[in-house]
Amino acid sequence: MSAALSVDGLEKAFGGVRAVDGVTFDVASGELVALIGPNGAGKSTCFNLINGQLAPDAGRVTLGGEDVTGRPARALARLGVGRTFQVAATFASMTVRENVALALASHAGAATSLLAAGLARFDAAADALLDRVGARELAGRHGATLAYGDVKRVEIALALANAPRLLLMDEPTAGMAPRERGTLMQVAADLARRDAIAVLFTEHDMDVVFGHADRVIVLDRGRIIAQGSPDAIRADPRVREAYLGTDSAG
Amino acid sequence: MTAGAFAVQLLNGLASASSLFLVAAGLTLIFGVTRVVNFAHGSLYMLGAYVAWSVAEALSATPGASGLGFAAAVLGAVLAAAVVGSLVEVLILKRLYAAPELLQLTATFAIVLIVRDVALAIWGAEDLLGRRVPGLDGSIPLGTRSLPEYDAFLIVAGPLVLVALTLLVRRTRFGVQVRAAAENRTIVAALGVDQAKLYTAVFALGAALAGLAGALQLPREPANLAMDLSIIADAFVVTVVGGLGSIPGAFVAALVIGLTKALCIALGSVDVAGVEIAFPKLTLVAEFVVMAIVLAVRPHGFFGTPASLPPSTPLAEQRTLVVAPGRRELAIGAGLVAAFVALPLLSDEYSRVLATDILIATLFAASLRFLMGPAGLTSFGHAAYFGVGAYAAALAAKQGLPMLASMAVAPVAALAAAIVFGWFCVRLSGVYLAMLTLAFAQITWSVVFQWDAVTGGSNGIVGVWPTGTLADATHFSWFTLGVVSIALLALARIAMSPFGQALRGARDSPLRAEAIGIDVRARQWAAFALAGAFAGLAGGLFAFSKGSISPETLAIPRSVDALVMVLLGGLNATFGPVLGAAVFTWGQDLLARATDYWRAALGVAILVIVLVVPNGIGGMWAALRARRGSA
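If you read the sequences in order, they're chains A and B. In this text, residue positions in the first sequence follow the numbering used here: the first is 20, and each later residue adds one. In this text, residue positions in the second sequence follow the numbering used here: the first is -3, and each later residue adds one.
Hint data in this document are derived by calculation from the structure and do not stem from the laboratory. Keep in mind that this is a model prediction, so the values were computed, not measured. Watch out, some of these pointers could steer you wrong.
Simulated restraints, written as ranges between beta carbons of each label pair [as the list claims (entries may be wrong)]:
hint	chain 1	residue 1	chain 2	residue 2	range
1	A	Leu134	B	Val159	55 to 61 angstroms
2	A	Ala196	B	Ala486	44 to 50 angstroms
3	A	Arg213	B	Glu179	44 to 50 angstroms
4	A	Leu134	B	Glu122	51 to 57 angstroms
Built from N, CA and C at the ideal position, the CB exists for glycine as well.
Chain A with its partners taken away, still in its complex shape (with noise of 0.2 angstroms):
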């Protein structure tokens, strides 16, 4: 069976610097990545060429075996693909129920309507899913109102209302209290093994990092370095000169 994710051969380049240079991985299904490297390593280009945003020079991006190179990032929503970003994006004009609401109408086909009555019949079905993220009692406020730790909760519900084969998490936990940031990633990882999304996420925050990846993808002036499981990356000595330093690394 083909990968969930599979980016194969992915280069890009701005101007003369090769930002992404040959970069190929896979995902499984229920399987948490990690896409790590140091600042300008090649992590957020990768990320946008995964996510649509930017369109690759050469290599491919398959999901579950379809070719999805550089096909935008609504597209890839309609594939199942679900995301959220480094700066949580949600409705702050709307309730945290319509921000569901509206992703699951979207999902089903029903958010160009002109004439229907608003987005009710959907109340429902995203009350439930705001329970699965646990984010229930959060349902009636007003978005522009919520705390960041809880916007990032609402943002993760609207990231799997369209029941996403892939999740791509941008920079997680950024910007949140350091208490918020396992309770975040737990429900990320429980939700993605129960219904085996395979997640693909990139993160500054080491602990978040080797507490939550099943395997962790090292990046260094755009090329692959090393990849491998939490405690084989944290014993690689290349990781450790490139990115780690000797001396944080444990």
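Fit chain B to the supplied structure of chain A, relying on the hints for placement.
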């Protein structure tokens, strides 16, 4: 046409390009540093022309000083524009730098209204012809034709100013600050540059350039009260094509636009496959086509980048929850309808006319509010669709179509126009969008104005009266009430429909909207088209209610009327449009009968709204109620 005549036309185009560049350079310079698009830039240009006229006249009466006339007039214009520009910056814009760009743009438009009335008060409504410039009043022979010396002077003046500006920006300390501010405002502050002074200085410099352009234009075109909006539309086209914030871009774009227009005039009437095309009448269409092509290929112009656009600041009301109208609103709505039904029976003709005007204005405002609220797209040219609807209905009626069929043509024609213009508009956002909508509206206005044979030019179309039972004034006011009520209900329904919610989502977070599978651009395009169609319907009603229409129906001031009504009524209040339309229409009527300078009064009122109650009366009401509720 001979080669000589052709060459003269092209040189003429270069001269026009020079003055266009001077105006656009100031506009783009100010934008680069302060991130404000100054709608009043054309007003500074107009002031420059008037002041130059006054100085030249004063000196010509002084014996012995007439030789200095031209130089003194130019200097006077430059100084006057710089002073007025600085005052505008210090007194008004300084308070709005952190405000949503919609409020900045609206404030600068209020200044347009005020300056126009000030000019009217000082110089009167007559066009004022400039004197010929001593020493530049001859002409240079070119084959069988000749080029005015003054045009040759302008052709040189443009590049000279480009070089001077480039040196200023590249070689001086002031220039370093300007470039730094354009690239990173935080760093400029951190470096200890007095930002307030820098902004005022840049504003003064940009205004001075506008004044210079106005003064230099005077020998070619008489000073007149329509100069402000006609030049600002051209300047917007040039800045958008050249790339916002880029001075070389403004130069290249001015050349391209100036030469394209010259080429149209040089071509004259050409017989293409049996159809005679009069190119000299197509200069404005040509300008539009050039802009359309550039924007389709490079959405941010020749030298612009997406990154040079500042992030858009949403209005506070665009972040508040929107609650679907309930029973209470339904009751109020029913009460309003009953009042409008009763009014023609109970009162005099004046109230009936005013009530019909208010109803039509309400639909016009509601269509714009749909665009600004759920879709988050601000249009400074919404009157284009109102006017296209009005003209389409009037023309259809003149062709002998029954009244109701003519009425039906109005929204369809406006929809078609909005589909075409909207395609470009939704590719851009923030200030670019505002400039583009205004430019399109001005182009539509010019086409209507120039196309005598069809639109009746400046006279417009007269004798468009309702027929049959609707010829009765009371019946017509009920008809208007019925059409407007149904249209408002439809708009309200659409705003709360899944489509409306998806639009709000796209406005709140385009990134998230795309990530959940919403095609943001397609939705916004549809919203733009819908808003245009509803505005067109209002325009159709307008044509039949007034019996005649003129180009004023789609002029820029009418677009701003709609904007003011929306701001007055608030973006979210259920009855915002009718509240805004009633206050505005009634107030304007009172003002217009009290003073000849009602435009200035309106300008002052707009400034008060923007500076004091940016959420409008409707927003203020909601805030008061919320406060009372929580207390």
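Which numbered hints are broken by the structure, listed smallest first? none
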